Amino acid sequence: MSIHGTHRGRVWKYGSNVDTDAIVPARYLTTHEAATLRRHCLEDLDPAFRENVQPGDMLVAVDNFGCGSSREHAPLALKAAGIYCVVAASFARIFFRNAINIGLPVLECPQLAQVAATGDELEVNLAGGWLHHRGLSYNVTPYPEFMQAIIAAGGLVPYVRQRMAGGGNSCAGS
Amino acid sequence: MSRSLAEKLLARAVGREVEPGELVWADVDVALANDVTGPLAIAELARMGVERVKDPGRVVLVPDHFVPNKDLASAGQAQILREFARRQGIPHYYEVGRMGIEHALLPEQGLVGPGQLVVGADSHTCTYGALGAFATGVGSTDLAGAWATGQIWLKVPLTDSFIYCGRLPRWVGGKDLILFTLGQIGCDGAAGRAMEFAGPAVSALSMDARMTVCNMAIEAGADAGLIAADQVTLDYVRGRFRGEPLLFQADPGWTASRVYEWDVSHLEPQVAFPHSPAQVRPVGATGGVTIDQVVIGSCTNGRLEDLQVAAELLRGRTVHPYVRLLVIPATQRVYLEAVRTGLMETFIAAGAAVSTPTCGPCLGAHGGVLAAGERALATTNRNFVGRMGHPTSEVYLAGPAVAAASAVLGRIAHPEEVGT
Ligand code: SF4
Numbered sequence: 000m001s002i003h004g005t006h007r008g009r010v011w012k013y014g015s016n017v018d019t020d021a022i023v024p025a026r027y028l029t030t031h032e033a034a035t036l037r038r039h040c041l042e043d044l045d046p047a048f049r050e051n052v053q054p055g056d057m058l059v060a061v062d063n064f065g066c067g068s069s070r071e072h073a074p075l076a077l078k079a080a081g082i083y084c085v086v087a088a089s090f091a092r093i094f095f096r097n098a099i100n101i102g103l104p105v106l107e108c109p110q111l112a113q114v115a116a117t118g119d120e121l122e123v124n125l126a127g128g129w130l131h132h133r134g135l136s137y138n139v140t141p142y143p144e145f146m147q148a149i150i151a152a153g154g155l156v157p158y159v160r161q162r163m164a165g166g167g168n169s170c171a172g173s
Numbered sequence: 000m001s002r003s004l005a006e007k008l009l010a011r012a013v014g015r016e017v018e019p020g021e022l023v024w025a026d027v028d029v030a031l032a033n034d035v036t037g038p039l040a041i042a043e044l045a046r047m048g049v050e051r052v053k054d055p056g057r058v059v060l061v062p063d064h065f066v067p068n069k070d071l072a073s074a075g076q077a078q079i080l081r082e083f084a085r086r087q088g089i090p091h092y093y094e095v096g097r098m099g100i101e102h103a104l105l106p107e108q109g110l111v112g113p114g115q116l117v118v119g120a121d122s123h124t125c126t127y128g129a130l131g132a133f134a135t136g137v138g139s140t141d142l143a144g145a146w147a148t149g150q151i152w153l154k155v156p157l158t159d160s161f162i163y164c165g166r167l168p169r170w171v172g173g174k175d176l177i178l179f180t181l182g183q184i185g186c187d188g189a190a191g192r193a194m195e196f197a198g199p200a201v202s203a204l205s206m207d208a209r210m211t212v213c214n215m216a217i218e219a220g221a222d223a224g225l226i227a228a229d230q231v232t233l234d235y236v237r238g239r240f241r242g243e244p245l246l247f248q249a250d251p252g253w254t255a256s257r258v259y260e261w262d263v264s265h266l267e268p269q270v271a272f273p274h275s276p277a278q279v280r281p282v283g284a285t286g287g288v289t290i291d292q293v294v295i296g297s298c299t300n301g302r303l304e305d306l307q308v309a310a311e312l313l314r315g316r317t318v319h320p321y322v323r324l325l326v327i328p329a330t331q332r333v334y335l336e337a338v339r340t341g342l343m344e345t346f347i348a349a350g351a352a353v354s355t356p357t358c359g360p361c362l363g364a365h366g367g368v369l370a371a372g373e374r375a376l377a378t379t380n381r382n383f384v385g386r387m388g389h390p391t392s393e394v395y396l397a398g399p400a401v402a403a404a405s406a407v408l409g410r411i412a413h414p415e416e417v418g419t
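Residue numbers (numbering that gives the first Met the number 0), protein chains in the order written: chain A, 0 to 173; chain B, 0 to 419.
Keep in mind the hints are simulated off the structure, nothing from the lab.
As the structure is a computational prediction, the values presented were derived from the model and not from experiment.
Misleading hints may appear alongside valid ones.
The following residues of chain B were derived to be distant from chain A, with all beta-carbon distances above 12 angstroms [stated by the list, open to error]:
no.: 1; residue: G75
no.: 2; residue: R86
no.: 3; residue: R241
no.: 4; residue: A284
Just a few of them, taken from the derived set where beta-carbon distance is under 7 angstroms, the chain B residues facing chain A [what the hints assert, rightly or not]:
no.: 5; residue: G136
no.: 6; residue: G144
no.: 7; residue: G220
no.: 8; residue: L362
If the Cβ cut is set under 10 angstroms, some of the chain A residues that face chain B in the computed set are [stated by the list, open to error]:
no.: 9; residue: A21
no.: 10; residue: A25
no.: 11; residue: R26
no.: 12; residue: R38
no.: 13; residue: E50
no.: 14; residue: V52
no.: 15; residue: C66
no.: 16; residue: H72
no.: 17; residue: P74
no.: 18; residue: I93
no.: 19; residue: N100
no.: 20; residue: V114
no.: 21; residue: D119
no.: 22; residue: M146
no.: 23; residue: I150
Cβ atoms here follow ideal geometry from the backbone N, Cα and C, with glycine treated the same way.
Could you build all of it, start to finish, from the sequences and the hints given here?
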């Protein structure tokens, strides 16, 4: 899936404080294999999700999405399930970092988080930083410049490769 | 410019003054992973094209979540960690029989100390803030980056100040302080900030109790929980920590982003209800919820002091016939000390099941998984849906005193109902 251009898909909507145990229960953390993570993604919160999720669907949640543990298995599970991006009013810090690092787009948009519902159609333009929903347009909170550099590199792995090869050594803006 | 403790700790790791909100690259003193997050970090390190970690002496690997290996899959994860440790010549790898739950083990073994910057691929890495270190949880890829480069990028947080006045009553400890705080500010009440704990009631806490407090800073969404190092800290690290303890304090007149101040002289023991660590009530308002299982252990409350408190209430008493009590010392050393001082005999005589150190039931991994609809009271730190087993099971969180009293009475109980 490309981050360029406009993407259209369906919404799965959840509330506040969706924790990482809800995203992928700890009992499955004996592996980080995509197929297993996908099979158990959100299973305790919403068993219908793994049955019906389609590649390109999007998750919308309210506050503090991804709170709890530091397991990177959580954004990996969402990515493995085919989720194109997660939109929330706010994210827990570790989840937000992990998602950026592994290349799962995460967008902060409190206004949309209040009004979206499961099954809605949503249009997203990641590069442009906007969302279309029920005839209205929303702008997402821009990433700090430094995070944009990680995203532009394609995630933390290629970013570190660049750094190790003698690339930049300072955070943008500092 | 008056600086917060967090800013001063990060300034040391960056090598210059830092401002809240600023993104910085910081030098990492210790980078920790476990059997859940380590294998993924090892895979990411390989994808980075890095063959050797920058400094094996700064890496700590602790298989603790699924050990002793619960099944083939977890055995495979532990094996990845073990082989990586050997291949990389990592001295701080802890095998079953010598290990402990990471956040109890690292301070105990003197692997972390005052003034350091510690990152761990585990959210409860914030525990070491109790030593006056800046310690924060990261994901596996971030950790792999730190292994590769010796550095991590961080956003310098604002700091919220939590001041506790008065003296804690009997049976009320670090767990009650932090549960009470979570109940007041909510599970994102300190999101993206540092929490600095201070005041007479905190100064009077032992290191074991301070670690319990800082352990749960992440339950409010905080980047770090901090307690400035003092004489108690120095006494604790003496003879353990091999580095030079660096003592930092907030400058006089520093500005906290928010200030909370409570008198805790009459604080009741606290209990968090399902399914949030911030859904907190005093034990007197819990309505005698009946329970099927009690777990005393974890990186929050599996230290010696916790076992001592529990044993005090269990001595000469027996566990309620319908309750299973599991006692899990957090480290091998705590285990041995509990055997030597007779605590283990008290637990076993009371009808408790005692296990070797492991995270086990804390994350519903093994050794104490709950069936559908069952209720547990645990001294652990999270009670999310399905955390200890079946999605319809429930977990209540409390300190070791409430846990022991509840195990005896078969319902959530005030310690005074069994002890004096
Ligand atoms: S005891 Fe529980 S919270 Fe602590 S490290 Fe283990 S699983 Fe995590």
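Hints violated by the structure (listed by number, smallest first): Numbers 1, 12, 13, 14, 20, 21, 23, in rising order.
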